[in-house]
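There are 2 protein chains.
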Amino acid sequence: MDVELRLRRPGIDAAGEAIVYLDRASPACRTLGLAAPDRLLVTHGGKAITARLNLVPGTLIGPDEAGLSEAAWNAIMATEGGPVTIRKDETIDSMSHVRAKVFGHRLDAAPMEAILSDIVDGRYSDIQLAAFVTACAARPLGTDEIAAMTGAMVDTGARMTWPPGVIADKHCVGGLPGNRTTPIVVAIAAACGLMIPKTSSRAITSPAGTADMMETLAPVNLTLDHMRRVVESEGGCIVWGGAVDLSPADDILIRIERALGVDSHGQLIASVLSKKIAAGATHLVIDLPVGPSAKIRSAGDAETLSRTLLDVARRFGVHVRVLKTNGAHPVGRGIGPALEARDVLQVLRNEAEAPDDLRAKAVTLAGALLELAGMAAEGGGEGLAERTLASGRAWKKFQAICAAQGGMAEPPSARHRQTVHAQTSGRVNAFDNRLLSRAAILAGAPEEKAAGLDLHVRAGDMVEEGQPLLTLHSQSVGELAQALAFVQKNHEAIITLRS
Amino acid sequence: MDVELRLRRPGIDAAGEAIVYLDRASPACRTLGLAAPDRLLVTHGGKAITARLNLVPGTLIGPDEAGLSEAAWNAIMATEGGPVTIRKDETIDSMSHVRAKVFGHRLDAAPMEAILSDIVDGRYSDIQLAAFVTACAARPLGTDEIAAMTGAMVDTGARMTWPPGVIADKHCVGGLPGNRTTPIVVAIAAACGLMIPKTSSRAITSPAGTADMMETLAPVNLTLDHMRRVVESEGGCIVWGGAVDLSPADDILIRIERALGVDSHGQLIASVLSKKIAAGATHLVIDLPVGPSAKIRSAGDAETLSRTLLDVARRFGVHVRVLKTNGAHPVGRGIGPALEARDVLQVLRNEAEAPDDLRAKAVTLAGALLELAGMAAEGGGEGLAERTLASGRAWKKFQAICAAQGGMAEPPSARHRQTVHAQTSGRVNAFDNRLLSRAAILAGAPEEKAAGLDLHVRAGDMVEEGQPLLTLHSQSVGELAQALAFVQKNHEAIITLRS
Numbered sequence: 005m006d007v008e009l010r011l012r013r014p015g016i017d018a019a020g021e022a023i024v025y026l027d028r029a030s031p032a033c034r035t036l037g038l039a040a041p042d043r044l045l046v047t048h049g050g051k052a053i054t055a056r057l058n059l060v061p062g063t064l065i066g067p068d069e070a071g072l073s074e075a076a077w078n079a080i081m082a083t084e085g086g087p088v089t090i091r092k093d094e095t096i097d098s099m100s101h102v103r104a105k106v107f108g109h110r111l112d113a114a115p116m117e118a119i120l121s122d123i124v125d126g127r128y129s130d131i132q133l134a135a136f137v138t139a140c141a142a143r144p145l146g147t148d149e150i151a152a153m154t155g156a157m158v159d160t161g162a163r164m165t166w167p168p169g170v171i172a173d174k175h176c177v178g179g180l181p182g183n184r185t186t187p188i189v190v191a192i193a194a195a196c197g198l199m200i201p202k203t204s205s206r207a208i209t210s211p212a213g214t215a216d217m218m219e220t221l222a223p224v225n226l227t228l229d230h231m232r233r234v235v236e237s238e239g240g241c242i243v244w245g246g247a248v249d250l251s252p253a254d255d256i257l258i259r260i261e262r263a264l265g266v267d268s269h270g271q272l273i274a275s276v277l278s279k280k281i282a283a284g285a286t287h288l289v290i291d292l293p294v295g296p297s298a299k300i301r302s303a304g305d306a307e308t309l310s311r312t313l314l315d316v317a318r319r320f321g322v323h324v325r326v327l328k329t330n331g332a333h334p335v336g337r338g339i340g341p342a343l344e345a346r347d348v349l350q351v352l353r354n355e356a357e358a359p360d361d362l363r364a365k366a367v368t369l370a371g372a373l374l375e376l377a378g379m380a381a382e383g384g385g386e387g388l389a390e391r392t393l394a395s396g397r398a399w400k401k402f403q404a405i406c407a408a409q410g411g412m413a414e415p416p417s418a419r420h421r422q423t424v425h426a427q428t429s430g431r432v433n434a435f436d437n438r439l440l441s442r443a444a445i446l447a448g449a450p451e452e453k454a455a456g457l458d459l460h461v462r463a464g465d466m467v468e469e470g471q472p473l474l475t476l477h478s479q480s481v482g483e484l485a486q487a488l489a490f491v492q493k494n495h496e497a498i499i500t501l502r503s
Numbered sequence: 005m006d007v008e009l010r011l012r013r014p015g016i017d018a019a020g021e022a023i024v025y026l027d028r029a030s031p032a033c034r035t036l037g038l039a040a041p042d043r044l045l046v047t048h049g050g051k052a053i054t055a056r057l058n059l060v061p062g063t064l065i066g067p068d069e070a071g072l073s074e075a076a077w078n079a080i081m082a083t084e085g086g087p088v089t090i091r092k093d094e095t096i097d098s099m100s101h102v103r104a105k106v107f108g109h110r111l112d113a114a115p116m117e118a119i120l121s122d123i124v125d126g127r128y129s130d131i132q133l134a135a136f137v138t139a140c141a142a143r144p145l146g147t148d149e150i151a152a153m154t155g156a157m158v159d160t161g162a163r164m165t166w167p168p169g170v171i172a173d174k175h176c177v178g179g180l181p182g183n184r185t186t187p188i189v190v191a192i193a194a195a196c197g198l199m200i201p202k203t204s205s206r207a208i209t210s211p212a213g214t215a216d217m218m219e220t221l222a223p224v225n226l227t228l229d230h231m232r233r234v235v236e237s238e239g240g241c242i243v244w245g246g247a248v249d250l251s252p253a254d255d256i257l258i259r260i261e262r263a264l265g266v267d268s269h270g271q272l273i274a275s276v277l278s279k280k281i282a283a284g285a286t287h288l289v290i291d292l293p294v295g296p297s298a299k300i301r302s303a304g305d306a307e308t309l310s311r312t313l314l315d316v317a318r319r320f321g322v323h324v325r326v327l328k329t330n331g332a333h334p335v336g337r338g339i340g341p342a343l344e345a346r347d348v349l350q351v352l353r354n355e356a357e358a359p360d361d362l363r364a365k366a367v368t369l370a371g372a373l374l375e376l377a378g379m380a381a382e383g384g385g386e387g388l389a390e391r392t393l394a395s396g397r398a399w400k401k402f403q404a405i406c407a408a409q410g411g412m413a414e415p416p417s418a419r420h421r422q423t424v425h426a427q428t429s430g431r432v433n434a435f436d437n438r439l440l441s442r443a444a445i446l447a448g449a450p451e452e453k454a455a456g457l458d459l460h461v462r463a464g465d466m467v468e469e470g471q472p473l474l475t476l477h478s479q480s481v482g483e484l485a486q487a488l489a490f491v492q493k494n495h496e497a498i499i500t501l502r503s
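Residue numbers (the working numbering), protein chains in the order written: chain A, 5 to 503; chain B, 5 to 503.
Keep in mind the hints are simulated off the structure, nothing from the lab.
Source: prediction; values computed, not measured.
Hints are not guaranteed to be accurate.
[What the hints assert, rightly or not] With a straight-line cut-off of 20 Å between C-alpha atoms, the simulated PhoX-like cross-links for lysine-lysine are:
| # | chain 1 | residue 1 | chain 2 | residue 2 |
| --- | --- | --- | --- | --- |
| 1 | B | K92 | B | K51 |
| 2 | B | K92 | A | K92 |
| 3 | B | K92 | A | K493 |
| 4 | A | K51 | A | K92 |
[What the hints assert, rightly or not] If the Cβ cut is set under 10 Å, some of the chain B residues that face chain A in the computed set are:
| # | residue |
| --- | --- |
| 5 | Y25 |
| 6 | R28 |
| 7 | N58 |
| 8 | P61 |
| 9 | M81 |
| 10 | G85 |
| 11 | P87 |
| 12 | M99 |
| 13 | R143 |
| 14 | G146 |
| 15 | L272 |
| 16 | T308 |
| 17 | V424 |
| 18 | T428 |
Using N, Cα and C, we set each Cβ at its ideal position, and we do this for glycine too.
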């Protein structure tokens with residue numbers, strides 16, 4: 005039973021969810037026999053999306069109109085006053101597979117494909133998405149299931165093809181604040197002649213993803229065509245994966261994982277590999293920080309994750325090297341998009357104040373990638389990477405990449421700052437990465453690019469009472485106050501001094 | 005950082021979710037540094053709720069206004085133009101317990117209490133609620149956890165107290181269309197002098213709950229005070245459990261379970277027992293229909309559920325008798341609130357056309373309850389129940405209860421009907437309860453009280469080609485068409501004839 009209405013854009017940002025607003029007293033509602041929370045199939049000019057129904061008074065949306073939330077509006081490329089067809093969405097068959105998973109059944113390739121295809125088509129509500137994400141964490145995915153999910157994520161999105169040969173890539177499993185090696189690795193690798201079409205994600209539960217950080221330096225929402233032109237001309241790029249429609253299911257699931265703070269091994273592997281496979285990668289270096297407050301907390305966990313990841317990658321013909329790195333401390337000084345970008349620029353420009361640890365780690369990863377890709381002999385990768393960085397060739401390449409992506413910018417500065425000082429003297433013994441991240445998030449990161457915090461001390465430093473430990477950066481006094489209250493409350497856990 | 009605004013009611017029914025609408029360009033948003041999907045604590049006159057933020061243009065909601073969805077509006081008893089205080093909600097600490105459950109940890113009483121308390125306070129988003137429901141199904145709750153959940157559900161709601169002595173109750177685990185014995189059992193029990201303050205739920209995934217059905221005969225949204233007066237004067241009542249605030253957490257979770265079609269043993273037991281314990285029940289009969297297409301499909305499942313349920317009930321000092329009943333066929337003729345109410349009235353009025361199976365089952369359950377409660381000797385309950393029904397005393401009691409609840413009404417009739425006829429001849433061999441329920445839901449039940457279907461044949465009946473099998477009832481032609489298409493497509497599975 006189809007109903008024809010006119011599109012209307014009330015301009016409501018429903019936190020990323022697709023909502024259709026209908027006049028509860030309209031003939032359309034009566035004809036369809038609608039009552040919230042029905043789900044409706046909304047079709048406009050060949051594009052369709054499933055949206056959740058919200059009933060509103062006729063004063064908000066006219067009886068012959070269908071109002072769409074911003075997410076729904078953009079998904080079907082709606083036009084004000086344009087024609088739209090609405091009908092009740094039928095039962096989502098693939099939800100029976102989600103229920104089967106909840107109750108312990110394994111998901112084969114076909115059910116996984118059905119689920120992810122419905123997810124990409126926008127048919128799952130937030131409640132249903134959350135059930136799928138939770139089920140995959142509570143009933144951990146086996147290797148076959150992870151491979152099935154990876155394949156389904158690749159198949160339900162766009163796929164890049166490149167000339168035959170090595171396509172390099174790198175990835176960090178995250179959880180380590182400030183660990184922003186990607187732009188440096190890409191610049192070094194591309195400067196050495198590797199083809200490295202890097203797509204990055206935005207933050208899931210952290211104060212900054214590489215895409216968030218990179219966005220303070222250059223546009224990252226590139227189309228697939230634009231991304232291809234950048235890579236063809238410069239050998240590398242650093243763009244947001246979500247904008248080029250590679251593994252779009254992953255981006256939808258990430259929004260839910262972020263709201264839940266749940267990020268399971270299986271989905272993590274499928275997320276990483278699907279993006280890389282869709283981007284056409286053949287050789288991939290993975291940075292796996294391990295530490296008591298990193299995402300991966302123990303060597304055992306790292307080993308399990310690494311083994312499964314290599315197993316799944318092999319099935320897709322991707323060569324992977326996993327580097328387990330020190331995840332006990334933050335890397336660099338800044339935490340938050342713009343503050344991390346400043347660290348990256350200091351390294352690339354070979355500035356004296358550049359953070360040593362960030363520089364050393366980027367050189368190690370770039371070296372491993374150069375070796376894996378056959379650009380350097382075993383043991384010779386780091387030296388080549390170091391020379392490429394020190395000579396300024398990496399910096400030149402980075403500027404060229406930024407220019408090709410749409411023009412380079414300087415990262416923004418925050419309006420409000422507050423420095424926190426040591427209350428006692430002692431040696432810096434430990435950082436709690438999670439609490440540091442939380443403080444940066446309370447300060448406004450990653451939504452506010454300039455927000456976050458700057459560390460003034462490193463592990464092992466001697467600190468005198470009253471010496472600055474960290475500075476909070478915020479765009480609003482409310483957020484600054486919240487972050488400060490949090491830091492003051494958790495003072496000793498965030499940066500532990502030992503006398 | 006608090007912001008003071010004025011309340012505004014745009015009248016949006018956001019499918020049961022609490023939403024706050026703020027002007028995205030307003031000083032309030034800038035001060036708080038807000039961006040969707042932040043969660044806000046909304047306080048008005050001593051009542052508070054956590055609501056999800058939707059950003060809207062200033063044309064919808066003024067810069068000094070906070071618009072609330074209907075669910076949020078009702079939760080804080082808002083008044084148009086009234087003062088409201090808004091601030092960012094802090095991290096929900098209890099979500100760490102939900103994550104622990106997702107990853108396999110058991111939930112003790114304290115974490116369970118923390119989770120359910122936050123849920124009742126409206127602090128969980130739909131995404132977070134779905135994660136909790138899914139985790140409790142995917143990591144099945146142990147007996148201790150079910151007891152903890154039951155206790156927490158009781159503690160986070162209102163609790164009824166009665167004079168010392170027997171407080172009787174009955175419950176059906178559901179999954180069997182048309183199985184509407186409750187009003188009959190309550191009428192018989194109350195007529196025999198038992199005190200039976202019955203609260204019922206609305207449909208979770210079925211075309212009608214007892215509360216939905218009862219609402220076609222009398223008001224069921226009673227306050228706790230009103231319910232008490234009904235029970236004190238008539239000995240029994242049949243009201244919606246959600247309206248009297250007994251185990252309010254359960255009602256919140258049921259909305260999510262319904263959207264997911266997930267209903268796990270643990271939550272089922274906690275749901276049933278928390279409502280009964282909060283209502284003050286001491287003696288409880290449970291109807292557990294078992295059949296290939298009922299909610300409980302096998303004798304083994306029924307046994308597990310029954311054992312756990314008795315174990316948990318014992319911890320709370322509640323005497324329970326579980327009756328495993330035949331769940332292979334629907335009970336009565338009607339499926340849907342009003343059609344089931346008609347069946348109930350026929351039985352209570354001792355009408356000739358009253359469905360025998362509904363009458364017999366109600367008498368069995370009432371008999372078991374009379375025995376459990378000590379009103380009849382073992383083996384003498386059914387006889388007492390039968391006499392009470394046949395004499396008209398149960399009917400008189402039912403009318404008195406309806407009058408006390410606010411006045412008795414006749415159930416409504418649907419605007420549109422369509423009869424489906426047998427395409428071949430044969431004997432009625434089997435019904436598929438799930439497909440029958442689905443057809444009734446497609447026809448509009450339970451949102452439309454008059455919608456559903458009427459069965460014209462029973463198991464074992466000989467049917468001639470062209471003879472009526474069932475009649476669909478709908479309030480809209482769209483729903484009637486959808487239900488008809490579904491029945492025609494699944495004709496042979498819904499009612500299987502054997503030649």
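Hint check results:
1. Restraint check: the Cα-Cα separation between K92/B and K51/B comes to about 16 Å, which is no more than 20 Å; the hinted pair holds.
2. Using a Cα cut-off of 20 Å, the hinted pair K92/B and K92/A is violated, with the two alpha carbons roughly 36 Å apart.
3. For a cut-off of 20 Å, the pair hint linking K92/B to K493/A stands: about 18 Å separates their Cα positions.
4. Among the hinted pairs, K51/A with K92/A is consistent with the structure: their alpha-carbon atoms are about 16 Å apart, no more than 20 Å.
5. Because the smallest distance between the Cβ of Y25/B and any Cβ of chain A comes to about 7 Å, under 10 Å, the interface hint for this residue holds.
6. Because the beta carbon of R28/B sits about 7 Å from the nearest beta carbon in chain A, less than 10 Å, this interface hint is met.
7. The interface hint given for N58/B holds, since its Cβ lies 5 Å from the closest Cβ of chain A, which is under the 10 Å cut-off.
8. With 10 Å as the threshold, the beta carbon of P61/B comes within range of chain A, its nearest partner Cβ sitting at about 4 Å, so the hint holds.
9. Here the hint on M81/B is broken, as its CB sits about 20 Å from the closest CB of chain A, past 10 Å.
10. About 17 Å separates the beta-carbon of G85/B from the nearest beta-carbon of chain A, more than 10 Å, and the hint is not met.
11. With 10 Å as the threshold, the beta carbon of P87/B stays out of range of chain A, its nearest partner Cβ sitting at about 19 Å, so the hint is violated.
12. Given the 10 Å rule on beta carbons, the hint for M99/B holds: about 7 Å separates it from the nearest Cβ of chain A.
13. Interface hint status for R143/B: upheld, as the beta-carbon distance to the closest one in chain A is roughly 5 Å, under 10 Å.
14. With a cut of 10 Å, the hint placing G146/B at the interface with chain A is violated, because the nearest CB-to-CB distance is about 15 Å.
15. Because the beta carbon of L272/B sits about 13 Å from the nearest beta carbon in chain A, more than 10 Å, this interface hint is broken.
16. With its C-beta approaching chain A no nearer than about 14 Å, T308/B sits outside the 10 Å limit, and its interface hint is violated.
17. With a cut of 10 Å, the hint placing V424/B at the interface with chain A is violated, because the nearest CB-to-CB distance is about 19 Å.
18. Taking 10 Å as the C-beta cut-off, the interface hint given for T428/B is violated, the closest approach to chain A being about 28 Å.
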